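Chain residues, written in single-letter form:
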Amino acid sequence: MQNYNQLVNDLAPKKFGLFGKIWLGLLIVVLMASFYAYYQQLKDGLVITDLRDYALWGIYISNFVFFVAISLVGSLVSAILTLSKVPWATPLTRIAEIIAIAAIVMAGLTIIIDMGAPQRLLNIFIYGRLQSPIIWDVIVISTYLFISLLLLYFPLIPDMAILQKYYKNKSPKLSKWYGKLSLNWRGSDKQKHILHSSIRTLSILIIPVAFGIHTVTSWLFATTYRPGWDSTNFGPYFIAGAFVAGAGGVATIMYILRRSLKLKNYITDLHFDKMGKLMVLLCLIYLYFNVNEYLIPAYKNTHEEAEHLKGMFTGHFSVKFWLVIFGSLVLPVILMVFKRFRKPLPVFIMGVIVVVGAWWKRYLIVTPTLLHPFLPIQDVPESWHTYHPTILEWTITAGTLAAALLIITLLVRYLPVIPIHEIAEENNIEETELNEKA
Amino acid sequence: MKSFKYSKILIALFGMFLLSSATHKVQAQKKNKARLTVKYKKHMNGDALFEIKAGARVDRKNVAVSGIELTVSNVTDDGSNKIGSTVTDHMGQTVFVIENFGSMQKDKEGVYNFKIQFNGNDEFKKVSKSISVMDANLLASVEEIDEVNYLKAVLTDATTNEPITGESVSLQVDRLFKPLTIGESFYTTDADGVVMAPIANDIPGIDGNLTFMAVIDSDDYHKVISSIDAKIGVPIVENSTFDERTLWSPRDKTPILMLIFLNLLIFGIWSILIYLTYNLIKIAKS
Amino acid sequence: MKEKPCNKSSRRNFLEKGIKLGLATAVGSAGIASVVGKTSDDGSPSGETIELMTTDGTLVKVDSTNVQKVEHPKDHDSEYRVREGFKNRKFVMVVDLARCKNAQKCVSSCNKSHFITGENAWLKIYKMQDNDASSPYWQPTTCMHCDKPPCVKVCPVDATFKRRDGIVLIDNERCIGCRFCMAACPYSARVFNWSEPNQEITMNMDDHHDHGMHYSADHAGLPSVKGTVDKCDFCPHMIEAGEMPHCVSACPNGVFFFGDQYEDTVTNGDETFRLSALLKEKAGYRLMENLGTEPSLYYLPPVDRIVEFEEGMELYNEKNPDIKSH
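As given, the protein sequences belong to chains A, B and C, one line each in that order. All residue numbers in the first sequence are consecutive under my numbering, ending with 1285. All residue numbers in the second sequence are consecutive under my numbering, ending with 340. All residue numbers in the third sequence are consecutive under my numbering, ending with 488.
These aren't lab readings, by the way, just hints derived from the structure by calculation. If you're wondering where the values come from, they're calculated on a predicted model, not measured in any experiment. One or more hints might be untrue.
[Stated by the list, open to error] Stretch by stretch, here's where chain B covers chain A in the computed footprint (C-beta under 8 Å, at least three residues):
no.: 1; region: 974-980
no.: 2; region: 983-995
no.: 3; region: 1022-1034
no.: 4; region: 1045-1052
Backbone N, C-alpha and C define an ideal beta-carbon position, used for all residues, glycine too.
Looking at chain A on its own, in the form it has when it is part of the complex (with noise of 0.2 Å):
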């Protein structure tokens, strides 16, 4: 490989260019709309949604479905695949950890969005009972951001050193930065002794954590009675879903990258087969869930699943449901086990289907079991028996979405990118004096 000095240049963080001025820009334009929208529901109430009292959630809760369930990556990429020494996954880790940890802070502020009176937040501290799945979900999900947190940050610390040397002449403010975050490092043997065993006990306990906090959200919905909802299959249904978003969100943002950020060298064709194969086997599996959900309630037919099962394969959810099952579960299950379709650019087309396919896979998991409760509807207004969310509903969802970018965005502004530090490690590249011209 390379030598020192050109990796560092290659990796270190680079301002926008114009392409990330206009997406940065764009960004906040979603992100003011939806604060405008936001204002109206905190003004009139949920009212301004078509959230009512049978479509009682909506794309609030699924978009939070969503986002945890695009957080677990952070557990797929940096946790599972680096213990068991996968060569190749490296590059990916801090890529996979900023994405974990800007879908995990946008699902918490998601579900306060839901919230009806989210004045009184803080009663879930003064009065939090832990009988409710939704403690246990605050619990974890704190949780859970703490750990990703600590994972994005320990393996970061070298990196900060590297940064702050080559920072020093550059830009003496970022350097300064760099160099407080740096924590002193100077790569002592004791240093690095810790460093390692803190990131391999974080790597262990982000896996449990991870399933922990799918398990639990899925329990939101399996601890009720509802047809669709009430399955023992769900904590597992809800892990290989979030595995399939999660490897589809990644295989998306490092194609994005790759190309803004000219990481050929570090992103190479290989990932993308890599991650081609893994989306292929993630997808399988969760086919195998979904036919465990829906095929085995339909064999049976109670009267209530029935009817929730009948939207779904040709009632009114017929073709979100068959598009997401064919066109975000089947067709990149069929596409990339072919090694020509396992190239970056078709790589990217389908993560990019899998994620917006796991969005509305998480729609189709919370609104039509809502609309098919034990009673029937009856005696309220026509339009409280279907669910299509209004405009300021969706500039609201639009906004967390754009939030999570945002996010990802800055942290990518900042933060290298791709490990320095190991990469030189793994390729042994001898640490020299920077080099001030290169």
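Let chain A serve as the given structure and place chains B and C on it in line with the hints.
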């Protein structure tokens, strides 16, 4: 269940009161005819009283006549003595307690006559209602015969002390809202003025305490009620899970196992996380 | 439900303190009419007037005879706590489906008494038909006040709670509006205040000096709070006053029976039965028994009905009962 925390109801009904008074103003032009309904009730263990309801038919709707003053008089052979007055509430109802029944005067046939009168106001015409009452005494008791408990009631004329025969008496046990009938819905008094009915041995009451009642409601004697307490019921057994640790209990009654398990998980994981955070400091220090 | 007579000296006493006023006359329906008959020594209006502030902020003058002190529970009062409920009681309701002809009186009375302003009625009459061969019937449905309430299980902040007397209530001052309880309830009993309820009766929840008006979970709907959940409360405010829930007394056909399970007695106002005997004789059942929620609401099957089902169709589909009429 005492009368406390009425405020909510008060304010709620106060709103209705305001609205109903608005309709009254419309009627001010022509005077309407108010109707009085008077019921006499005598509690053997308490007061004798009148339950009065004032209503009117205005614009083909039945409305309550509230806030009118009614005077109550004892009508005798010689004339009438005012014994007091009362004002109807917003439902048009009021209760007038005859404070000293012993001082009331009978007519020559031994009947008490009363007159409830409304003197009229801007809205309603003058109206009155008369009621004649014969005074009866009813005495309820619980007797055990051959290990079966009976509720017995004796009805006598208060003036003559003679038993009253052929009168219908209802025997009941008091419950939260409405009393529960014991045996048949009515028993007819025999030559001794007595009625009797066996009491089921499985009636629940707090600590087994039950309040039994004998009630007559006749044209002559009106309503007379006698009650007696007896500890012959089945003590109620509270089976609420309120004091238990359940999944639906408040936070201070979380099931123990859940409490232990979740806290172990939380503290276990967070102590590792705190240790790892401490590692950051160690890196900085070394 | 005995009332304490309010004599003149105690009345003056509390007037001087200027606290917690209420209108005794307004409590007529709560069965304490006797108060008025006893308030004044001579039974006549005292001539004193008091200014009271109504809920819409206007001042009215009322004869002081009509004003009665509202008693509030003291802190050490062990008699009754909103979160604990009545001691030695377990409230149950029995709904006789054979008598229901969808007269809708229960719905309108409930709506009126709980100041429900929108489409979110707490009491619904469903048109049910178990299978094509059997006849349709009307099924009034309130909150089931389950003994193992799934809604209370999932509440994260203890806002909805199960009392000793079986009643499940919601503390609208604490509810965070997550709606998990609504998702958990298999009976669709819960409704949400999607917007500002705009009730006739309003209460400033932050102002604790508003003439002793305090929010209390045991009169649900007074007031309803934007962004929180509401539902049938089994009318503890009526039980307190010795009266039955509004739906029970409003029903012209005696469909609803209410009472104390410990006393084994239920009544619809006209008829009083022993609960156990009634359920045995008429084969009473509960909705979705298989879920294990143990509802406090029993149904008597719609057999030997008093009227044809079709008679109820007249009022079916009526979406906007005139809830504000008096």
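Exercise. For the region 1045-1052 of chain A, do at least 3 residues have a Cβ located nearer than 8 Å to some Cβ of chain B?
Worked result: holds (count 4)
Exercise. With a cut-off of 8 Å between beta carbons, are at least three residues of the region 974-980 of chain A near chain B?
Worked result: holds (count 5)
For this session: With a C-beta cutoff of 8 Å, work out whether three or more residues of the region 983-995 of chain A approach chain B closely enough for the coverage to hold.
Result: Satisfied; 5 residues make the cut.
Problem set entry | chain B over the region 1022-1034 of chain A, status - at least 3 residues with CB closer than 8 Å | n = 3 at 8 Å, threshold three: holds.
Checked against the numbered hints given earlier, the structure satisfies every one of them.
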